[in-house]
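K.L.:
Listed below are the residues making up each chain.
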Amino acid sequence: DAKTTQPNSMESNEEEPVHLPCNHSTISGTDYIHWYRQLPSQGPEYVIHGLTSNVNNRMASLAIAEDRKSSTLILHRATLRDAAVYYCILRDGSSGSARQLTFGSGTQLTVLP
Amino acid sequence: NAGVTQTPKFRILKIGQSMTLQCTQDMNHNYMYWYRQDPGMGLKLIYYSVGAGITDKGEVPNGYNVSRSTTEDFPLRLELAAPSQTSVYFCASSYEDRVSPLHFGNGTRLTVT
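First to last, the sequence lines map onto chains A and B.
For what it's worth, this note's numbering labels the leading residue of the first sequence as 85, then goes sequentially.
For what it's worth, this note's numbering labels the leading residue of the second sequence as 4, then goes sequentially.
Honestly, the hints are just simulated from the structure, not real lab data.
Hints are not guaranteed to be accurate.
Unchecked claim - So the derived label-pair ranges between C-beta atoms look like this:
#1 A:164 / B:6: 22 to 28 Å
#2 A:113 / B:55: 30 to 36 Å
#3 B:62 / A:153: 21 to 27 Å
#4 A:109 / B:76: 39 to 45 Å
Note that beta-carbon positions come from the ideal geometry of N, C-alpha and C, so glycine has one too.
Using the sequences and the accompanying hints, generate a full structural model.
P.N.:
Below, the structure written as structure tokens:
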């Protein structure tokens with residue numbers, strides 16, 4: 085799987101939007117962009133994924149750059165419960181990819197009250 | 004709505020002891036995975052299974068064994084525990100292996116002393 089680059093940490097104020105960036109300059113045409121988050125003492129939790137178009141779900145929005153070399157996870161109103169490590173991952177949709185998933189160090193999001 | 008259930012939650016082993024980490028899922032997923040997460044690090048794949056009776060090695064399989072006799076269960080066996088196996092172990096499952104989200108358990112925290 086292609087590599088991703090994320091900032092080690094970010095801070096946000098409660099009830100404000102948060103934009104978590106991810107760079108993936110070597111992304112291939114069949115790579116899907118997935119985001120997971122890991123709350124303290126829990127397993128990772130799926131957040132959202134997309135291929136080319138921006139995506140929205142009840143948890144977040146995913147904005148994908150036109151050249152697909154970067155993406156941004158958007159939390160519209162951060163709450164204290166959103167404090168977690170956020171992982172940006174690429175999965176090759178053309179082949180068995182979960183077995184090669186690479187969870188890097190992610191971005192530690194701190195939400196300030 | 005159980006999802007992926009892991010037992011035990013915590014365990015302390017002496018060097019050389021063995022144990023089995025249990026994982027069961029009730030979503031009828033064919034694909035199951037075992038990851039380990041060392042402090043402050045991302046997840047590394049130990050073993051995975053694409054269906055009952057079929058298993059294969061991941062990135063860090065040494066010191067571990069798995070079996071998959073049913074769709075629901077995917078136990079991880081540690082033989083001759085070593086301090087290097089001190090970690091948090093996560094089991095996950097997915098519907099298929101390309102795009103479907105992974106569903107994770109809440110982990111087993113293992114200490115080998």
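K.L.:
Out of the numbered hints, which ones does the structure contradict?
P.N.:
none
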